[in-house]
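The task is simple: from the sequences and hints, build the whole structure.
Chains as they are written, first to last, in the working numbering: chain A, 764 to 1100; chain B, 764 to 1100.
Read the hints as simulated data drawn from the structure, not as lab findings. Beta carbons: idealized from backbone N, C-alpha and C, even for Gly. Hints are supplied without guarantee of correctness; some may be wrong.
To be verified - Only some residues are given here: those of chain B computed to face chain A with a beta carbon under 10 Å: (1) 923; (2) 1093; (3) 1095.
2 protein chains.
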Amino acid sequence: MKQWKVVITGYGSVGKQVARLLMLRQDHYRKQYGMEVILVGTARSTHGVYDEKGLQPSVLEAFAAEKKTGDMPFSGSDFIRSCQADVLIETGPSQFETGGPGLAYIRHALETGMHAIAVSKGALVVDYAGLSALAKQHGVSLKISGATAAALPTIDLLQYNLAGCEIQAVEGVFTGTTNFVLTSMMDEGISCEEAIARAQQLGIAEPDPSFDVDGWDTACKVTILANAAFGAQLTLSDIAKSSVREVTREQIQLWQQSGKTPKLIGSIRRTPEGLRASVELLAVDSAHPFANVKGTTKAIRVETDVMGDLLVIGGKSDPVAAAAAALKDLEHILSLQ
Amino acid sequence: MKQWKVVITGYGSVGKQVARLLMLRQDHYRKQYGMEVILVGTARSTHGVYDEKGLQPSVLEAFAAEKKTGDMPFSGSDFIRSCQADVLIETGPSQFETGGPGLAYIRHALETGMHAIAVSKGALVVDYAGLSALAKQHGVSLKISGATAAALPTIDLLQYNLAGCEIQAVEGVFTGTTNFVLTSMMDEGISCEEAIARAQQLGIAEPDPSFDVDGWDTACKVTILANAAFGAQLTLSDIAKSSVREVTREQIQLWQQSGKTPKLIGSIRRTPEGLRASVELLAVDSAHPFANVKGTTKAIRVETDVMGDLLVIGGKSDPVAAAAAALKDLEHILSLQ
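Rendered as structure tokens:
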């Protein structure tokens, strides 16, 4: 049976779940694709672990528990090269200003003929066009489901389910954390700070919640979707952006009195003047399809020329679901081998 | 540039739209896939028309207008063979008891190494497993989006967007006509007969509405989805089935008083006793995700092991949208060439 080697960079909550699910599904990969899919390497910023025969769960557990400081020089790109894998799954932190190490890793993987699956958004926000061209040049795939709302199909929906249609507009509640904060303010009358604190207690928001609540996460997803599905060349700074922190309790009360619900909505729309993309805090009325999209639930709505409109709601927002989205990408690549 | 030849069987409302959209998109196929996609043949039950250089719109128009009776013997399978095309798009009437001519056409296409795209459901209901095995044996694709709710992604959703997940349950409002009838009864207090008559006036229901309102259409889609996405081996007679004609005005009033909404719901669910599939008339409460799916709108809800639940609502229900779904399948095949 043909062997297929996987390497994971960034071994945090999502990376660990990618490794776990991948092992659980090895039998499925054998049956469905006739492939022996094995995880040969994984790396954090300080060090990596490798086994050409496939990393054993005990080794991965020890690696995850190990506290190594960066006292030894470590090059992720060298590590990736030495693994000689077929696909890289990049799950490191999203550094959306520079692309961070993830950008270098994905570039390196594509240049050396590996397929790449991005869960982190940084590299894609900074240079989707470059990475995509690199993938094409080397005849490999660059897949991005995990970076674009993960278990909620977004890039799939635009590129696969609606292939051949002209997409006229996309709008979405793309950030579960932000939607949780707004829903809590509406349903419980608490302030934005209290809602953020609650989200942090529940493990929904990060210790530094700015990436989500200040609209960066939604703006990153909008940038990636515009560039990947509409062929745009937007940078993050092209996207006008709102923050949930603008919302006061008084504002919430006014919205409640008029039957409105606040949502942080990322949108992309074709206009006679070109593509318009933004992240706006909008108070929608009760008939709006997003009005009942509550808590950490995400949603996307698409307008097309000939297939009408589609509304998709749901998809879990947790590391397991994000890992599953990356492994969905893996299966799409496997199905082409 | 590589040429790709298409033949359409069944030149009714959907077939005509397939031909029209295909011509509109030829430039797109050239740019996206480097393929010159041409329509070389199309056939009705009585006769066909063929041009190896591609049928001109004027020829197609004359063919559509021509009233030919079946006085000359005509074999669709011979016609398909003589076209020497790369893909068959079958859009004839759905004969769900025998599979009708469509079954023979699709079998013939697959056996001679053509890809096949089914819009009509009959062949798939009668022998999905056989056709699928035939496609595999000859290394070609059998695609079925147009036969499984068309512009509403169903088979894609289960096989592509949720690849790698275990799908635990699927339920859907799969028939626009039926939903229109139920919605009209609820919103306007009219009888089932009146609602059906209105749907016929609007071109939503067929002159013989039984296929839709008696649950056959939904049962066909459930059968196909269960066999294609769950590997089941169901026949249409395995599916318990309800008809919208059971609903009286008195029943509607009772549901209204208790805040319920009737929906014809097709469902497939894994249970400890095996796969359970049915078509039921259910009165859902106002919090149910289908409660606000009104008129001809369709919807599907999927429960998974690791990606959570997904709800998809929308997708136009008209011949253009059905044609677009078939051409989506065409693009998925083109992307593999």
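Chain A contact restraint for residue 923 of chain B - C-beta distance below 10 Å: Constraint on residue 923 of chain B satisfied, holds at 6 Å.
Chain A contact restraint for residue 1093 of chain B - C-beta distance below 10 Å: It holds, given that the least Cβ distance between residue 1093 of chain B and chain A is near 8 Å, below 10 Å.
Interface hint status, residue 1095 of chain B versus chain A (Cβ within 10 Å): 7 Å, holds
The structure is consistent with each of the numbered hints, conforming to all of them.
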